[in-house]
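So the protein sequences, as listed, match chains F and G. This note's numbering numbers the first residue of the first sequence as 6 and each following residue consecutively. This note's numbering numbers the first residue of the second sequence as 6 and each following residue consecutively.
Simulated from the structure, these hints should not be mistaken for lab results. Nothing here was measured: the structure is a model prediction, and the numbers come from that model. Possibly wrong hints are sitting among the right ones.
Because identical chains cannot be distinguished in the list, a pair is counted as satisfied if it fits within a single copy or across any two copies.
To be verified - Cut-off 25 Å, straight-line C-alpha distance, at most; resulting in silico cross-link-like pairs (BS3-like, lysine-lysine):
(1) Lys196 - Lys50
(2) Lys196 - Lys227
(3) Lys118 - Lys189
(4) Lys118 - Lys273
(5) Lys85 - Lys191
(6) Lys213 - Lys34
(7) Lys118 - Lys48
(8) Lys227 - Lys34
(9) Lys191 - Lys202
(10) Lys69 - Lys189
2 protein chains.
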Amino acid sequence: MSLFQTAAVLCLVFMVMGNNNPGTTLHLKEIFIGRCWDYKEIKHKEFPLRTDVNCNDLWNDFYKAFSYQAPCDVAMEHYKEYIDLASQNVPENKGMFWSGTYDIAHEYAEAGKRFVTLEDTMIGFLANSLIWCGSGSTGANFTRCPSWTDCPLESSESFWASASREFASSVNGDVYLMLDGSRKDKPAYSKDSFFSKYELPALENVNKIVIIVKHNLDGPIKETCSNGSIIDLQEDILNRGFVFNCLDDPAAIIHLLCADDPEARECKMVNRNESYNTLLPVINSKPSRFNY
Amino acid sequence: MSLFQTAAVLCLVFMVMGNNNPGTTLHLKEIFIGRCWDYKEIKHKEFPLRTDVNCNDLWNDFYKAFSYQAPCDVAMEHYKEYIDLASQNVPENKGMFWSGTYDIAHEYAEAGKRFVTLEDTMIGFLANSLIWCGSGSTGANFTRCPSWTDCPLESSESFWASASREFASSVNGDVYLMLDGSRKDKPAYSKDSFFSKYELPALENVNKIVIIVKHNLDGPIKETCSNGSIIDLQEDILNRGFVFNCLDDPAAIIHLLCADDPEARECKMVNRNESYNTLLPVINSKPSRFNY
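Here chain F stands alone, though its shape is the one from the complex (with noise of 0.2 Å):
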């Protein structure tokens, strides 16, 4: 069965099984190069991360690699073009992977101002949070899309292979891995991660991976750097001749999450006068004129 063949009848079970996955997202184009010029002119402008490339040409090479395709038939290699033109540098010592940690570590690298996720580059930013897949008539399907389940090749997740492997091949130096120790129904590490079957392996140019396993205040502790999945991420990243260091719960990290509940045991603080007032309300869902 060719490629091809196997994608359509992969799709067919999809239609026939039915699913209740959104479709693109409405205003694809407009939001896509919004976002181009946005990050350009305004987030940024300046170094490290400024680029010079050309918005418009950028939406075409990404339209280009999905549209008017089987949306479970887009192999990675598509988004070549669109890859190769939004490449950047990512400075030294700064790159931070993740994986089942999206919000914690986004927080913690704070928009390239900390760390850089794949996120803050440019391949990972225009896309972030976005939906999209092809259709044979009309070059996007707006009504629903395929999940990561449900085939092979889908055009999303080609997407993010790709831009991961290319990530992983930018950064240098020190590079962290920000996974979550307190994980109910996964291993803090997987071998079916992005990290493991696309990131490790296009490593090239780094010293050193710094493995951070955060945990819940409330716990459970299920993993640490010590036992369980991260032991075999450990000898993952020794096997590709590279080094580790592995940190439980770093200060930095704790002090993000106390934010949320500095009424936490963990979040008592040694030089504090008694008087202190956490008043102030809790997160309560997960979901110039600057000095005026």
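Chain F is already provided as a structure; the job is to place chain G on it using the hints.
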């Protein structure tokens, strides 16, 4: 002298003096419209900041307010149509004002997850960090715009004044104001601030104003809830018929500051294992796939 003549003279002064201000942000329209769809379709697709406004209409109202006009002669009222169209209700107890604390206030607000600032509402989100001013011949001046100190009716100052007034009228319940008690050059509170001029007078359905005074970890502690300009603020609040509560360095804010500087004296935690590691680099400048 008419308002127009005054503005013309001021613009002449401004031109003669010269200035190095940049002009209107390049690709202003694409950024504005892209942000609008991003806000509607991605960032706030769901309650509580969901909005049904038409993005092209919003752009037209915004552009009409200042385009083809002298940049020093744009009254607050010019933005009325834009502001009326984009206006939203802020959820109860979620409104946060800031003055001199842009970075930490927005870091704490977390884009509306914890609190809602003006820049998290559609009105402010679309214009945040942009520069714009009119030109009589070409619509917008992309070469240079006056600064706020150049003239009293500068086009973006008028915008932010109108937007601040509208924001204040849309918050309710307990509202928050974050001030900086470590400012070297200015008092934490000033009667010339936007909060004093446009926001406090526009508050309506408010129970209480919670003043948060933050201090740099390395000091100085210039003003607190008990002294300096913050006493003036408390008087102004009482004179408007509102009550207040004032917090110096609430724990949640200290934790955010400590994420940047975990070795600081104020950041030591009581129950931490001594082996914890602070090797992570500090921030170096001020300037679904989520589970994979």
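Which numbered hints turn out to be false for this structure? 1, 5, 6, 8 and 10
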